[in-house]
Amino acid sequence: MTTRTTRREKPEDSMSTATPTRAPHSDVPTGHKPAQGRVGAGLFDPKQLVKSLPDAFRKLDPRVMVKSPVMFVVWIGSVLTTVFSFEDPGDWFGWVISAWLWLTVVFANLAEAVAEGRGKAQADTLRKAKTDTVARRLLENGSEERVLGTDLRIGDLVVCEAGDVIPGDGDVVEGVASVDESAITGESAPVIRESGGDRSAVTGGTKVLSDRIVIKITTKPGETFIDRMINLVEGAARQKTPNEIALNILLASLTIVFLLACATLPPLADYAGTHLTMVVLVALLVCLIPTTIGALLSAIGIAGMDRLVQRNVLAMSGRAVEAAGDVSTLLLDKTGTITLGNRQAAEFVPVGGTTEAEVADAAQLSSLADETPEGRSVVVLAKEKYGLRERHRGELVGVEWIAFTAQTRMSGVDVDGRKVRKGAAGSVIAWVERQGGTVAEDADRIADRISEAGGTPLLVAVDDEQGARVLGVIHLKDVVKDGMRERFEELRRMGIKTVMITGDNPLTAKAIADEAGVDDFLAEATPEDKMALIKREQAGGKLVAMTGDGTNDAPALAQADVGVAMNTGTSAAKEAGNMVDLDSNPTKLIEIVEIGKQLLITRGALTTFSIANDVAKYFAIIPALFAAVHPGLDKLNVMGLSSPDSAILSAVIFNALIIIALVPLSLKGVRYRPVSADRMLRRNLTIYGLGGLIAPFIGIKLIDLLISLIPGIG
Amino acid sequence: MGPVLAGVLQLLALVAALALAYVPLGSYLAKVYSSDRHWRVEKWIYKGIGADPDTEMRWPAYLRGVLAFSVAGVLFLYLLQRLQGVLPGSLGFSSIDPDQAFNTAVSFVTNTNWQSYYGEQAMGHVVQTAGLAVQNFVSAAVGIAVAVALVRGFARSRTGELGNFWADLVRGVVRVLVPLAAVAAVVLVACGAIQNFSGIHEVGQFLDGHSMGGSQQWNGGAVASQEAIKELGTNGGGYFNANSAHPFENPTPFSNLFEIFLILVIPFALTRTFGLMVGSVKQGYAILATMGTIWLGFTALMMWTEFAHHGPAFEIAGGAYEGKEVRFGVGASSIFATSTTLTSTGAVDSFHSSFTGLGGGIALLGMMLGEIAPGGTGSGLYGMLIMAVIAVFIAGLMVGRTPEYLGKKIGTREIKLAACYILVTPALVLVFTAFAMALPTPANSMTNSGAHGFSEILYAYTSASNNNGSAFAGLNADTQWFNTTLGLCMLLGRFVPMVFVLALAGSLAEQKPVPATAGTLRTEKPLFTGLLVGAILIITGLTYFPALALGPLAEGLA
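Residue numbers (this note's numbering), protein chains in the order written: chain A, 1 to 714; chain B, 1 to 558.
Only chain B is shown next, with the shape it has when bound in the complex:
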């Protein structure tokens, strides 16, 4: 079996698995967020944090919940890292420097998981499990909660109430993420991922069975459980620096495919949840089709550019193998790369910097689209719905009515909020990239020169602002400048858009519904899906075209 065929078969298997999980998981999620019963363990949690899960919140209250919880998360994680040196169970690692601790705390709370540290050389068991792993669960749950709040905004009428943040958060963790992650962790252990609390092992270095004389360190750790939620919650922060390319995190081609499945399963299934909650599964299918089209298109392009790249080395190897694990091959690495950058995951099983020029550009563009196809847990859905609102506004006018989406009018207030949303990340990416290029020191962090060097910096700010977290390996990001500015990008890129999303949700929930007639734009039809894909590619693509031209395009077309 040729490598291309193998890649295509893996892609088909992945699509089949996602299709199988779609209906049950999507329906289950809808039930979780619509139910009015509380589990016993949830009641204990509510009592513990002093929250009343039955109070309906208007959008400012919901937002206050999101922000308060996240600020507390950042502070806790920051302190934990700063105190690591005195905590037990830290494998003897010292405390983290303030700028890196800030960067890492923000990174995990914002679901970004940008890592400017080497996991196995900096973070002990306590920080990994009590700090980072906890945020892997709750940051994903916060994302889903905000998405569900927006969906409720569409579904509800003549009320400003969006549900209860604490209930949504706790349910997301207790009913969805913990059980799924537990099952996934067991599967990963079965594949060979490690799960222990052992210390650091000194082992010899071998090549082809012969000792090379030197020695290396191997860490133990609760890796499989961390790995499961890392993918499932579209977090992406690896236990080890090599992330999912590390054999302890991702041992086999099957575990690799399984991890890609975990990355995509919740973001895709949420479209069904959305459809069910707004009372039309077809509307969910239209969003699913939009996400699926972009994801498939990007994956196919990525495979094409990685397989078909010209040059003697590539032709002998059968593709662009540099930076890719031989275990996985070019096909599976391409699928992983597009899946991780089109979601807010940022886990990598291969090194994006080593992809072909155009391949690197595809990974970059995936993030630049706002990570909405299918996007992060929750953030993908709300990002896509914002784009749908913009597309409906422009195209809706062309059917001769004030634009409306899901029975809600897209008026001045709605378009103002949606327009602000789409401004945030381009502003962060472009302004910070420009400053980094204009100032004398940041460029010292580049490993490469020329267009590829520029791509490293563009990639870093794109990844941070969109809460992806993957890196164009090569950039030395552990400097005060990068720790601080990337930290700011992650914070602003996560929470400013959430403000607009929740405000939009509140505004939609207050409206009375407009009944659909033959004169209404049909947003569940393929035509609309095509339109939405076009709007996303043109509006966000055009924003970054000049920057892309100077980086990956200049390199890829050379």
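One chain only, chain A, in its complex shape:
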């Protein structure tokens, strides 16, 4: 159902370079290629309609109906026509209209029930994880007592060992363990949780696989992450969002306008010489009030949240989803979001009298013992650019491999009395000098030049019969992920500014920013800088979205309008943000923005469609009501509907069926493509405005044709 990314966590982050890179996302292979990260169509199965029918009938309770003002009016209308039909039981027309009005209400409820049903399945899976656990509470004297997980209080310390289910949300305060979080993330590979740092948060309901940790409980039972998730996906915690409230107000006022138009009609009709029955008046009213959008509004909202859940993002409020659509500034971490986690070798630069090929050969040889991504990239470059076949360690005999370590920051090989080394500039220079060699001047110069261009220089040195010397420099650079440039271009067209956040120096940052095509960058960024940037953008009226995972990101996450916390992050970060990404994939921020926009577009499109529909309904109903007394009005019967009864009935039936017809669209959302507002408006206006004007003329006519085949009506 959902797309999962594969996530591997390594206990240690291995670096072969002197420049520390921000670690947390460095080894997140992105499951989605950026170009595929479109807001796609959700799945819609017609069987869901049948399955949700009981719920749809349960929602006929007036206490539930009253929450949707438009549909409540239809509900009252249905009751009225039914009552009047009982008074005149021989009138088939009243019964048929009543039946279709009730169907209209049921269809609206069905839309909501289907939308909710999709969350329920997810909630059930989560509930399974929430079995009652027995916690081992640590007492002050060091002994343990067994208590029920539900009796834990904030601040309690509990012990978990291999095989234990973690009893509540908290932070690891002691120890390190691998934890199976598949209950929440759906990802089966275990993750590491350890005290201190940015990976200390654990979630209740997940399982410790190895080792022993002590956890400090940070949430009350019943309010844990898993509880909130269940509430969210079930829609129990759903509150109407600001825009939804505003739209409801507009729809309510349109309903009042049409209520007035219908309620004031009887005396006018009496004067004209025709009597309007209650059934006909209610039918007219229901056709005119914006039932289509009124029926689908809440389904659209639930489905929007659901689309996020399907992408493994939990929004803590619908408000955040809406805000995502409004975002005009995106703060993106460089590492893991814009660039691949690791720097890669880009070129070999010879120094002294050596040739490029010699450098490539030595670099490859010395990197065979370096299993870090950077080391591998040297081997790959040597193969791709200089055609050097990768040698396997077994091919060479009598050699001594010197593996890369974080202390030596060098790797290499000793073979046939020849020593080859590759590593961070400082380490290699020290090694050459230790071997009694000298360092060529241009080695320093080239290394500096690479640094200035935003890259990282690695030196390759050799100690052989000619003495110890530097052969050349490997240029390591950040590699911008495929398709990011196009992605940022799209964002720009959508009016969204991207700001790259990096700990690199301004020079390096600028080089990468230019290459990736982001609009702006923040170099040597501290949490305070981030916070200041967000406040500055917000002061200009912009809405800001960001991702973060560390405790020091928490204030900025709270300040941002859309703060997406990584699930791997600390509980402070998760508390502060208003969304949590279970996949911990920062690129997803872009998708979140698209989903937010899609939610608003779907609402607007269906509102437009709903209002535009009224024109045709008037042309069906007004001649039907009044052509008998004012024959000229028959000229308005442009659809050539067969009889007055059939015309009114066709309009009512169309009005009901269009709701069911649009359920898939309201659940999937209107197709969204990142183009400028102008083009988007033109497209949607054509489809939903013009389409909404024309479609009912065709639909009502078709229904009328079918009805007129029934003997006694046509």
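Read the hints as simulated data drawn from the structure, not as lab findings.
These figures come from a predicted structure and were not determined experimentally.
It is possible that part of the hints are untrue.
Claimed, not checked - Calculated pairs, PhoX-like style, for lysine-lysine (alpha carbon to alpha carbon, straight line, at most 25 angstroms):
| no. | chain 1 | residue 1 | chain 2 | residue 2 |
| --- | --- | --- | --- | --- |
| 1 | A | K497 | B | K525 |
| 2 | A | K240 | A | K207 |
| 3 | A | K542 | B | K43 |
| 4 | B | K512 | A | K497 |
| 5 | B | K525 | A | K542 |
| 6 | A | K497 | A | K481 |
| 7 | A | K67 | A | K120 |
| 8 | B | K416 | A | K67 |
| 9 | A | K51 | A | K668 |
| 10 | B | K512 | B | K416 |
| 11 | A | K481 | A | K535 |
| 12 | A | K207 | A | K220 |
| 13 | A | K635 | A | K701 |
| 14 | A | K240 | B | K416 |
| 15 | A | K497 | A | K510 |
| 16 | A | K481 | A | K510 |
| 17 | A | K207 | A | K128 |
| 18 | A | K120 | A | K51 |
| 19 | A | K510 | A | K67 |
| 20 | A | K542 | B | K416 |
| 21 | A | K220 | A | K128 |
| 22 | A | K67 | A | K220 |
| 23 | B | K282 | A | K240 |
| 24 | B | K31 | B | K43 |
| 25 | A | K535 | B | K416 |
| 26 | B | K31 | A | K542 |
| 27 | A | K240 | A | K542 |
| 28 | B | K282 | B | K31 |
| 29 | A | K47 | A | K497 |
| 30 | A | K510 | A | K542 |
Claimed, not checked - Beta-carbon label-pair distances, calculated as ranges:
| no. | chain 1 | residue 1 | chain 2 | residue 2 | range |
| --- | --- | --- | --- | --- | --- |
| 31 | B | A6 | A | A263 | 42 to 48 angstroms |
| 32 | B | G279 | A | D448 | 34 to 40 angstroms |
| 33 | B | P253 | A | I698 | 33 to 39 angstroms |
Each residue gets a CB set at the ideal place from its N, CA and C atoms; glycine is no exception.
Based on the hints, put chain B in the right spot on chain A.
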């Protein structure tokens, strides 16, 4: 030259004149309402009324100013009419009855100028000049003031302050309406309109130069000056019962065209004022284009239905001439009719009741749209901006952002106020019309039966609730029922929407601005203009479709 060509040429001349006046007048108005200097005569007025023109007002204070001033205006005008019998210079007319005095007082204060009296047989010089003419100036100035307050709401940020009502009111009168009306009055006098304080003349009745034996009365009066502000302030209350069809008010085809120009010039120019004040003349052009499209479309339709109507009499006459002045012809009368009903003027140079069925419907629909194309002085602009807010809200969602207009978010509070605004007039029109049709007596006022009779009543409530003031001649509106209910419609139709407009202005002015990006709905583009026209026609048109079907449509399609 055929009558159709003549009509089209007059229309073109009118458009050219309006285009020429647009930039200078629009810019001048923006300067008037943005300047922080006071003229000497204004300072005297402020001193006289005890107002500090430099205090910034939040919306409740601004509204209190509007309401206090208007209540005082109604009371004064009511008393003046009730006391006419004892006032000097009243040509011997007696005091006006309470219900008619209430109706007339409300009518002139609300910029409606619905008249249930015969000007030349009821109102003397004092009431005409000290009462009615004064309200013609100030009611128009109040409208502009409220519109300017709303524009300031869009233009300002992080403040709730909307300017000073007294300063806006006084400036509107002193710097805009009085000078323009003075020039216009001179032009009208030059055309032949009368301007004197003479009494009533008994003259003989003649036909083709031969005495018919009987006699008739001719009133003198300060007609040209009244006429100028009547059109310029989109008031519409005629000195004479025949209104602008009367040769003393509107003597020649040129004066007729000039009067149409006066009706339209300020409402159109205010769109430039709006553009300048919000910092983008293009936004003003978009609103202008919306207004212009509807106005031109309605005028073309009106000319078409009046010229092309079938039937032997029409074909011989070359159009639907009944109720139209031969001096002006079908073309100019059609332009006047749409201009007066698409603004809140209500002056007439021909009788809307005598227009073809569809023509009458076009006049009705013009008012039903809320008189926003270009609408009354000020009221047209704020009415149109409210519709723009509604259109932005619906369409804005379709670009995937919380809707915003001119850098202000259209949130729950804003949409609540805009939605309330658009509810007021339909509620008044429909509810009162339904009651009038349901009760036994009001229908006695109808002259006609059938659909046309119904149109008379629908027209009356539409005209009053939208503060237009024109009548579907035929209805006897001087009854207690009509004087009272139409008076209520005018009061509620004017001031309840103003409450929502000013509250909206206050709410907008408090917001911080949202900067425009490529993702923002471009409200200065033709696409938006088209959308706005569509939204106006569909939302307001649909409200009245059943009522229109039973009146003008039933008649016009028969």
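Checked hints:
Between K497(A) and K525(B), the direct Cα distance comes to roughly 23 angstroms. Compliance with the 25 angstroms bound is thereby established for this hinted pair. Distance restraint check for K240(A) and K207(A): the Cα-Cα separation of roughly 35 angstroms exceeds the 25 angstroms cut-off, and the hinted pair is therefore not satisfied. With a CA separation close to 43 angstroms, the supplied pair K542(A) and K43(B) exceeds the 25 angstroms bound. Note on K512(B) and K497(A): the hinted pairing holds, with a Cα-Cα distance of about 19 angstroms set against a maximum of 25 angstroms.
A distance of roughly 23 angstroms separates the Cα atoms of K525(B) and K542(A); the hinted pair therefore holds under the 25 angstroms criterion. Between K497(A) and K481(A) the CA atoms are separated by roughly 18 angstroms; this keeps the pair inside 25 angstroms, and the hint holds. This hinted pair checks out: K67(A) and K120(A) have alpha carbons roughly 21 angstroms apart, not beyond 25 angstroms. In summary, the hint linking K416(B) to K67(A) is supported, as the alpha carbons are separated by about 17 angstroms, within the 25 angstroms threshold.
The straight-line distance between the Cα atoms of K51(A) and K668(A) is roughly 18 angstroms, inside the 25 angstroms bound, and the hint therefore holds. A threshold of 25 angstroms between alpha carbons decides the hint, and for K512(B) with K416(B) the separation of about 19 angstroms falls inside it, so the pair holds. Taking the CA atoms of K481(A) and K535(A), the gap is about 29 angstroms. The hint is violated against a cut of 25 angstroms. Between K207(A) and K220(A) the alpha-carbon distance is near 19 angstroms, which keeps this suggested pair within the 25 angstroms criterion.
Of the pairs offered as hints, the one joining K635(A) and K701(A) holds, with about 16 angstroms between alpha carbons and a cut-off of 25 angstroms not exceeded. As the CA atoms of K240(A) and K416(B) are separated by approximately 16 angstroms, the hinted pair is consistent with the 25 angstroms bound. Taking the CA atoms of K497(A) and K510(A), the gap is near 16 angstroms; set against the 25 angstroms cutoff, the hint holds. A hinted pair counts as satisfied when its Cα atoms are at most 25 angstroms apart, and K481(A) with K510(A) qualifies at roughly 16 angstroms.
A threshold of 25 angstroms between alpha carbons decides the hint, and for K207(A) with K128(A) the separation of about 13 angstroms falls inside it, so the pair holds. Pair hint K120(A) plus K51(A) holds up; C-alpha atoms about 12 angstroms apart against a cutoff of 25 angstroms. With a CA separation close to 53 angstroms, the supplied pair K510(A) and K67(A) exceeds the 25 angstroms bound. Proposed proximity of K542(A) and K416(B) is supported: the alpha carbons are some 24 angstroms apart, at most 25 angstroms.
Distance hint between K220(A) and K128(A) is fulfilled; the C-alpha atoms sit about 19 angstroms from each other, no more than 25 angstroms. The straight-line distance between the Cα atoms of K67(A) and K220(A) is roughly 31 angstroms, outside the 25 angstroms bound, and the hint therefore fails. Between K282(B) and K240(A) the CA atoms are separated by roughly 36 angstroms; this puts the pair beyond 25 angstroms, and the hint is violated. A hinted pair counts as satisfied when its Cα atoms are at most 25 angstroms apart, and K31(B) with K43(B) qualifies at roughly 18 angstroms.
Taking the CA atoms of K535(A) and K416(B), the gap is about 30 angstroms. The hint is violated against a cut of 25 angstroms. Pair hint K31(B) plus K542(A) does not hold up; C-alpha atoms about 31 angstroms apart against a cutoff of 25 angstroms. This hinted pair checks out: K240(A) and K542(A) have alpha carbons roughly 23 angstroms apart, not beyond 25 angstroms. The straight-line distance between the Cα atoms of K282(B) and K31(B) is roughly 18 angstroms, inside the 25 angstroms bound, and the hint therefore holds.
A hinted pair counts as satisfied when its Cα atoms are at most 25 angstroms apart, and K47(A) with K497(A) does not qualify at roughly 42 angstroms. A hinted pair counts as satisfied when its Cα atoms are at most 25 angstroms apart, and K510(A) with K542(A) qualifies at roughly 24 angstroms. For the hinted restraint 42 to 48 angstroms between A6(B) and A263(A), the CB-CB distance of approximately 46 angstroms keeps it satisfied. As the Cβ distance of G279(B) to D448(A) is approximately 50 angstroms, the hint placing it in 34 to 40 angstroms is violated.
Under the hint 33 to 39 angstroms, the C-beta atoms of P253(B) and I698(A), about 49 angstroms apart, miss the expected range.
When each numbered hint is compared with the structure, violations occur for hints 2, 3, 11, 19, 22, 23, 25, 26, 29, 32 and 33.
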